[in-house]
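2 protein chains.
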Amino acid sequence: MPEPSGIVYRRDLLPGDREAVGRVVRATGFFSAEEAAIAQELVDERMARGEASGYSFLFAEAEGNLLGYTCFGPIAGSVHSFDLYWIAVLPGAQGRGLGKNLMAESERIMAVCGARRVYADTSARPQYEPTRAFYRSCGYTQEALLVDFYAPGDGKAIFVKILPAA
Amino acid sequence: MPEPSGIVYRRDLLPGDREAVGRVVRATGFFSAEEAAIAQELVDERMARGEASGYSFLFAEAEGNLLGYTCFGPIAGSVHSFDLYWIAVLPGAQGRGLGKNLMAESERIMAVCGARRVYADTSARPQYEPTRAFYRSCGYTQEALLVDFYAPGDGKAIFVKILPAA
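Heads up: the protein sequence lines correspond to chains A and B, in order.
Here the numbering used here is used: the first residue of the first sequence is 59, the next is one more, and so on.
Here the numbering used here is used: the first residue of the second sequence is 59, the next is one more, and so on.
Note that these hints are calculated values from the structure, not bench results.
All of these numbers come straight from a predicted model, not from anything done at the bench.
Please note that a few of the clues may not be correct.
Distance ranges between label pairs, derived from CB positions [what the hints assert, rightly or not]: (1) 170(B) x 68(A): 42 to 50 Å; (2) 149(B) x 187(A): 45 to 53 Å; (3) 134(B) x 69(A): 44 to 52 Å; (4) 66(A) x 80(B): 42 to 50 Å; (5) 170(B) x 205(A): 17 to 25 Å; (6) 205(B) x 170(A): 18 to 26 Å.
C-beta atoms are modelled at their ideal positions from N, C-alpha and C, and glycine is treated no differently.
Generate the whole structure from the sequences, applying the supplied hints.
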């Protein structure tokens, strides 16, 4: 299936984004309440501090409803590394390439900003294998595993993708 | 040589700490101007937001002069992992165990706060071998290496130490 029709991409934040981000992140079923709160705090940070927050967003919506989004930004202290902090797509909008399109467009924006390496972290637990498979399908490779990082038995997998020079 | 006499440890921030931290970090010669600015921003964050900032400090001083300090805090999204963001000791106060004492006392504080794993990142460049040797001498082991993370040819070494239950 192709990407749902009528998708609009948007980078500037709007007042309703805090709630919409929380809704999308919780709907995935992949994140804890604490993690959903962190996702919303990044929206707050961007709202409060603008570009100085270090957080950029890309929203994908249809008819004004948020279907998915990414949050990314430069890693302080590095010259060319960016972090993909969040990528989430509503379950009902998954399976049609929207996540891949969000990822590709986010990488294009990062590359323009000087990114040559994009890092994405996720859990090493078995139930996150779909997430890891998604990263691999987008050209990311797992570079490190920090055992028991999030909790006993819940390690952190660090993925990286090398971008071509913009 | 034993630790310099008259060392006082302090956790609460004072108005002069922003400047003193910048002075100590720059004096080590191990950090860029950008990194020194980041170190100072963490002081600002703690000043502005208190414990909610997620940044805790331990200062070691003699006669009111800052000789060294650490900055650490819990890693959001983990149940028991802490990050040692900064440890720096004035060159003139090095070699007498002050860094090790700062580290041990910081780990004691983190353990009381529930830390079971402490992470410390540093550059993989040859000139940071003394830093890596210091971590190893404090019981840290290198768990991962992210090549070219900071810059081409400048990888990130991730060290970890498992703390006993407090």
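Now the hints, each set against the structure:
1. Look at residue 170(B) against residue 68(A): about 45 Å separates their beta carbons, and that is inside 42 to 50 Å.
2. At about 49 Å, the CB distance of residue 149(B) to residue 187(A) agrees with the hint of 45 to 53 Å.
3. A hinted range of 44 to 52 Å for the beta carbons of residue 134(B) and residue 69(A) is inconsistent with their spacing of about 25 Å.
4. With their beta carbons about 45 Å apart, residue 66(A) and residue 80(B) fall inside the hinted range of 42 to 50 Å.
5. Under the hint 17 to 25 Å, the C-beta atoms of residue 170(B) and residue 205(A), about 24 Å apart, fit the expected range.
6. For the pair residue 205(B) and residue 170(A), the beta carbons lie near 24 Å from each other, so the given range of 18 to 26 Å is met.
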